Amino acid sequence: MDAKHALTAAELAQRLGLELRGDPAIALHGVGSLAAAGPGELAFLSSARYRGELAATRAGAVLLRGEDAAGYPGTALVAGDPYAAYARAAALFHPRRVAAPGIHPSAVVHADAEVDPAAEVGPLTSIGARSRVAAGAIVGPGCVIGEDCAVGRDCELVARVTLVARVLLGARVRIHPGAVLGADGFGLAMDAGRWINVPQLGGVRVGDDCEIGANTTIDRGAIEDTVLEEDVRLDNLIQIAHNVHVGAHTAMAGCVGIAGSARIGRYCMLAGAAGVAGHLEICDHVVVTAMSMVSQSIREPGEYSSGISVMRSRDWRRSAARLRQLDGLARRVIALERERE
Amino acid sequence: MDAKHALTAAELAQRLGLELRGDPAIALHGVGSLAAAGPGELAFLSSARYRGELAATRAGAVLLRGEDAAGYPGTALVAGDPYAAYARAAALFHPRRVAAPGIHPSAVVHADAEVDPAAEVGPLTSIGARSRVAAGAIVGPGCVIGEDCAVGRDCELVARVTLVARVLLGARVRIHPGAVLGADGFGLAMDAGRWINVPQLGGVRVGDDCEIGANTTIDRGAIEDTVLEEDVRLDNLIQIAHNVHVGAHTAMAGCVGIAGSARIGRYCMLAGAAGVAGHLEICDHVVVTAMSMVSQSIREPGEYSSGISVMRSRDWRRSAARLRQLDGLARRVIALERERE
Amino acid sequence: MDAKHALTAAELAQRLGLELRGDPAIALHGVGSLAAAGPGELAFLSSARYRGELAATRAGAVLLRGEDAAGYPGTALVAGDPYAAYARAAALFHPRRVAAPGIHPSAVVHADAEVDPAAEVGPLTSIGARSRVAAGAIVGPGCVIGEDCAVGRDCELVARVTLVARVLLGARVRIHPGAVLGADGFGLAMDAGRWINVPQLGGVRVGDDCEIGANTTIDRGAIEDTVLEEDVRLDNLIQIAHNVHVGAHTAMAGCVGIAGSARIGRYCMLAGAAGVAGHLEICDHVVVTAMSMVSQSIREPGEYSSGISVMRSRDWRRSAARLRQLDGLARRVIALERERE
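Chains as they are written, first to last, in the UniProt record's numbering: chain A, 1 to 341; chain B, 1 to 341; chain C, 1 to 341.
The hints are simulated quantities; they were obtained by calculation from the structure and are not laboratory data.
It is possible that some hints are incorrect.
One-sided excerpt, in silico: chain A residues whose CB lies under 7 angstroms from chain C [as the list claims (entries may be wrong)]:
#: 1; residue: THR8
#: 2; residue: GLU11
#: 3; residue: ALA321
#: 4; residue: ARG322
#: 5; residue: ARG324
#: 6; residue: LEU326
Chain A residues, not near chain C, derived (Cβ > 12 angstroms throughout) [said to hold, decoys possible]:
#: 7; residue: LEU54
#: 8; residue: ARG58
#: 9; residue: ALA107
#: 10; residue: ALA134
#: 11; residue: ALA189
#: 12; residue: MET190
#: 13; residue: GLY272
#: 14; residue: THR289
#: 15; residue: GLY302
#: 16; residue: VAL333
Being a predicted model, the structure only gives us computed values, none of them experimental.
The C-beta atom is built at its ideal place from N, Cα and C for all residues, glycine as well.
Excised from the complex, chain A in its bound form (with noise of 0.2 angstroms):
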């Protein structure tokens, strides 16, 4: 794909910090895969299932291994973790967008908000009573920011973001479209046979560089706030519940749902549709793999799980009636090694 930055083999080595081998005045002008890219572009090779297409590839040099690289007669450029390099060579090829200043006119900014002179706002956004934006942030078209909210030093609201109230996002924040930042929290009680509102008081604040995918949710506190650490790293479709806390460089991946205050280590990895019961705890460094459910407190990195993969349905359906008998057969088991003894 073509970008608008172009640099030789050469010059990219030397701002990536890698050993170059090969042609050094190769003019590189973008990325690609290793199948698709093109003479004038940049190619990876992290996985070891894509090692087959390395031979036949047409690009103009290959981030790589040195294992990888030894029987490579093409550019190539070494890395310890070719795909980090990667994501930062197309980055200097595609690199973020920058605010172009200015409030769109169909653009709605109450009298007592702030807006800096340096920040861009686009179409058809509103903007409430005492909420700021700051220098470099982009407010993209469609967005709804209501008040006493902050959006931190470049940060990105792709497009129809919601901040709801009193939502502080700190700096480099990237938010993509039809999150709602700050919603009430699903605070209930019970009386007299009906539900009735626990106003719901808090806020949410996200930490600099965290980034927050589309249709994603975070409600805010019900007295304090709820709150994402710097770095932590949401996808699609989640759901964080008032009150949570998650930690620094956690990423969560899409469809994961975290109920009310429970509390998130840093550097864990929430996996597909895995879920998180409210009130507890779940220590640095946990992994958590697909539609898992954690029900419990994790005291102990690691990895866990409870989801299970697929089988023909014929087959599952006898597994899964055997599984709701699991107690008698148990106790039958028991039995037989007791008649034994």
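Could you slot chains B and C onto chain A? The hints should help.
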């Protein structure tokens, strides 16, 4: 957290109908947690989990049960259900927002729509033909109301809510950002190797006092309506398919999915990410725990589950592998039992 | 439900190519259920579940199979697949909305965008640079179309749809409110203890006649495109990650999640809340039942499951506890078998 209303402990006890112990003149201007409340704030003790925080609290007054009040030297309001009492107290300090009547000049209201002069329509909202907004209702910024919809008295559509078509809201319904009511149900028929759409001709009817969370979707019915009775409470990212009927006072936590034509009773509670199959019935007073799947009708009140909690992945992989062979294992136990005879 | 078109039973039979029994002159102006349809309405009987309602129906005419028509004294249209015939009949009475050409004055269209004069652009919608909207297309209220997108002929973006960047829609694609196509894929690399973003340079390509549900998200590809072939049908709240490829005529129910680079075949059906792991393949004609997880490639057509249905919680807790010890139980059975020998 500061609020606009201040009350003495005596006034509060009277308003809530509770017994007061301690200083009736203490001025309270808001609520807080036991751990964080200051001398002008009201806290509550509802769960034994937090009893340890009572001794150290700096709260001006505390809502608690009689047995907890016995040893407490500070000002206490004694309640049978301290959490419900807290909810009512917090609502006194932080009353719901009242409509600021008028239509923002950036809103687009169809000539055939009717907006009551005592309703509020926020910026950048559009309202379609033959739709009505009643007195006291708030339609916040960025909403889209399509054709033939009705927003009842004192409803609040917080922001960026979509009512697609034929959505009728009762009184005091609250809907959070990103929710979509009245989209086409997912009705398809296979015809000569291609899908054809079944026109979705029904609407959505939502009873008084319902609440609908952020990014939740409720489709309109195929022929008749999708129905929520009164006081139904839905959290975020919930899917309610066409023709579903949800009984009064039922609550669902985040990420629940209900398939088409399911009929859920009154006073049910569905925990996070529970799923309900289509064309079945769940009676009143049923609780479904998190990540559980209901695939047959439930005819007796009580609590139902099928979710599995995580264990270490290496241990789980062994259990899961055995689960796939469980029918065989059960047969082997039967063989052992037979031999013994 | 009333519709704008009226037809006699004879005209309808002719338009649908069906055999008519009974009164050819009956005037029909809409459709309804067996239970609720009136004398001017057409009902259908497709499932044995509703056969009991046939005797009592007041419908003017009924679509049904030959064997059901035999004993029915009213006007009948005989169809091999009454549900598909109903879908076609209902579409005759309730045809899809046709574009009302023109751009609403509140819409914001970039100078470098191209909107065909025969397309409709609704209020408070924005369209970015280098995007195109073809003839007959409807872009409803509150949509955001970013840069380098294409909306094909006769598409309908109902309302508040977001196309972020490089999203190409074929003809007759329908997208429901809150859907987000073309957001950045969730591509991250860990580098010196912090996440860095992998630029997402691909787009999204959506084939003719696809349908995409409310609040569904489809990310754009990392290098190449995320692809939906023709006639793919997605319900609400579905997550399609970057580089996924979905074959023609495949349908997915609500809350399904597909992880990155998965390749799903043609004519597949994924039931509600099913999950598919990344970098795997599912062949054509595969059915995955509700809340099931696919974590390895599927190479043979058929139905696959791993979802578990609820039971009473107290009974389930015993089964679930035994499940966690299942490997041990299996070893004990093996020990018993060995002793016996």
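Against the structure, the hints come out as follows:
1. THR8: Cβ of THR8(A) sits 20 angstroms from chain C, so the hint is violated.
2. GLU11: 18 angstroms, violated
3. ALA321: Cβ of ALA321(A) sits 10 angstroms from chain C, so the hint is violated.
4. ARG322: 10 angstroms, violated
5. ARG324: For ARG324(A), the interface hint holds, since the closest Cβ of chain C sits about 6 angstroms away, which is under 7 angstroms.
6. LEU326: Check passed: Cβ of LEU326(A) comes within 4 angstroms of chain C, closer than 7 angstroms.
7. LEU54: 16 angstroms, holds
8. ARG58: 14 angstroms, holds
9. ALA107: At roughly 10 angstroms from the nearest Cβ of chain C, ALA107(A) sits no farther out than 12 angstroms, so the non-interface label is violated.
10. ALA134: Label holds. Min Cβ-Cβ 20 angstroms, cutoff 12 angstroms.
11. ALA189: 23 angstroms, holds
12. MET190: Non-interface label stands for MET190(A): nearest chain C Cβ at 20 angstroms, farther than 12 angstroms.
13. GLY272: 5 angstroms, violated
14. THR289: It is violated; THR289(A) is separated from chain C by about 9 angstroms at its closest Cβ, not greater than 12 angstroms.
15. GLY302: 16 angstroms, holds
16. VAL333: Its Cβ does come within 12 angstroms of chain C, the nearest being 6 angstroms, so this is violated.
In this structure, the hints that do not hold are numbers 1, 2, 3, 4, 9, 13, 14 and 16, in rising order.
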